[in-house]
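Peer 1: For reference, the chains in residue letters:
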Amino acid sequence: MFSYLRSIKERDPAARHYLQIILFYPGVKAVFWYRVANFLYTKLKLKLLGEFIMFMVRTIHGIEIHPAARIGKRLFIDHGSGVVIGETTVIGDDCTIYQGATLGGTGKERCKRHPTLGNNVMVGAGARILGNITIGDNVKIGANAVVLDDVEEGKTVVGIKGRTL
Amino acid sequence: MFSYLRSIKERDPAARHYLQIILFYPGVKAVFWYRVANFLYTKLKLKLLGEFIMFMVRTIHGIEIHPAARIGKRLFIDHGSGVVIGETTVIGDDCTIYQGATLGGTGKERCKRHPTLGNNVMVGAGARILGNITIGDNVKIGANAVVLDDVEEGKTVVGIKGRTL
Amino acid sequence: MFSYLRSIKERDPAARHYLQIILFYPGVKAVFWYRVANFLYTKLKLKLLGEFIMFMVRTIHGIEIHPAARIGKRLFIDHGSGVVIGETTVIGDDCTIYQGATLGGTGKERCKRHPTLGNNVMVGAGARILGNITIGDNVKIGANAVVLDDVEEGKTVVGIKGRTL
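Protein chains in written order, with the working numbering: chain A, 1 to 165; chain B, 1 to 165; chain C, 1 to 165.
One chain only, chain A, in its complex shape:
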């Protein structure tokens, strides 16, 4: 738990101290409740209860994580408003996800239909990673990038910059 807070303080220059992170970081609350809901949903098969918890998290904090998603250690969702993480998503350790990002489906697949992220992946604001694709370790996805294919480890994918008229 402490290593989690310390890792956030390292990743966010606006973080002043641990109390502030615990009190005011919606992404920290969302991931905490996801851990509870995931346990209820997958281990105790209390699916409706797990869904209820994540519905409340989405209502209060604007962050939507399906209770059946599989998420590694120290996920940091920064700001987080509008984030959607789908049912069959797999996320490795030490990933960072910014506001408005979607780890979702394309509507063409069933069963495993959401992305698999390696370790230490960064997903920029508003990025859309869609379908049963694999994003390698240490990949950085830029803001508003649309990603529909596998990305090799260590690569950077950038959204297309606006054009000045």
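Just to be clear, a hint being listed does not mean it is correct.
As the list claims (entries may be wrong) - From the derived model, a few chain C residues whose C-beta atoms are all more than 12 Å from chain A:
{"id": "1", "residue": "1"}
{"id": "2", "residue": "15"}
{"id": "3", "residue": "54"}
{"id": "4", "residue": "74"}
{"id": "5", "residue": "94"}
Unchecked claim - Computed footprint of chain B on chain A, listed as stretches where at least three residues anywhere in the stretch have a Cβ under 8 Å from a Cβ of chain B:
{"id": "6", "segment": "51 to 59"}
{"id": "7", "segment": "81 to 88"}
In case anyone wonders, no lab produced these hints; they're calculated from the structure.
Being a predicted model, the structure only gives us computed values, none of them experimental.
We put the beta carbon where it would ideally sit given N, CA and C, even for glycine.
Mind docking chains B and C on chain A? Use the hints.
Peer 2: Quick look at chains B and C alone, frame taken from chain A:
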């Protein structure tokens, strides 16, 4: 009503049963309250009351629909956080809209200044459809796509994919 | 205060009268509470209290403004869901920001790491303006545009339009 729930179950692989859809789908709640607010606003001319209802829906569920928008049958707003549907928008039957999408204006038009969507249109996450344009039946708009011109029926518009460095 | 409401009525064709703007415009409430929180945070050094106020604004209205950001007169945040304005952002007078826009950092800078906007800048829905860059007076940033470099005054930056298949 039942045909609406069944159509959602067909469109969303994560939907397990009807009770879950009624309890935990913010888009279902938002569209229900829009029907009430639209009746109050347009038929009874209780404009402030209609606006109040949709303000509460936006506060609780993060989905913003102007009570004067005209929306057809079985609209499914999936996830829905950040969706904005403007005052003069017209939406046909059986459309699906994902989180973060905007049906909005460009700021250059008055009166009819928002889009008109045909039937069975799919609007991907974060897509921005702006201005008094017409989107034909069965069109699919991809995630994060910016659409400023009419789209013929049956076409697909894709957002520009991120570039791997 | 009155000139602020009048400027909103001029900028938003959906605004019907001042009462409606005061009651139902989340962006007006967010900017009001930002003024309170900014005073507490920067003048009285009550940082935790300023952060608490903006945390509540984000929870209720879905608009996130760091209490230390410097914001000029008559900022209008329209719709506003998902907006994030970072700690070292500077915004001039008479700017308009739409839903889902981010004035944020790239993660590569410390200290001043967020944008500086001139006067009368328009930031479209879902636009991402990232890093310690300067956006000149009267610039318009289109929907979903990614902006990582300075923009000269009077220019328009457009997001890349979706491609029709």
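Peer 1: Per the coverage rule (Cβ-Cβ under 8 Å, at least three residues), is the segment 51 to 59 of chain A covered by chain B?
Peer 2: That given contact holds, which follows from 5 residues of the segment 51 to 59 of chain A lying within Cβ reach (below 8 Å) of chain B.
Peer 1: Would you assess whether residue 74(C), listed as outside the interface, keeps its beta-carbon beyond 12 Å of every beta-carbon in chain A?
Peer 2: Non-interface label on residue 74(C) holds, nearest chain A Cβ at 24 Å vs cutoff 12 Å.
Peer 1: Does the claim that residue 15(C) lies outside the interface with chain A hold up, using a Cβ gap greater than 12 Å?
Peer 2: holds (24 Å)
Peer 1: Determine whether the non-interface label on residue 1(C) survives the test: each CB of chain A must be over 12 Å from its CB.
Peer 2: holds (28 Å)
Peer 1: Hey, does residue 94(C) actually stay past 12 Å from chain A on C-beta?
Peer 2: Holds, because the least Cβ-Cβ distance between residue 94(C) and chain A comes to about 21 Å, which exceeds 12 Å.
Peer 1: Residue 54(C) clear of chain A by more than 12 Å, beta carbon to beta carbon?
Peer 2: About 8 Å separates residue 54(C) from the closest Cβ of chain A, which leaves it inside 12 Å; violated.
Peer 1: Three residues minimum, CB to CB under 8 Å: does the segment 81 to 88 of chain A make the cut for coverage by chain B? Let me know.
Peer 2: holds (count 5)
The structure fails hint 3 only (numbered hints given earlier).
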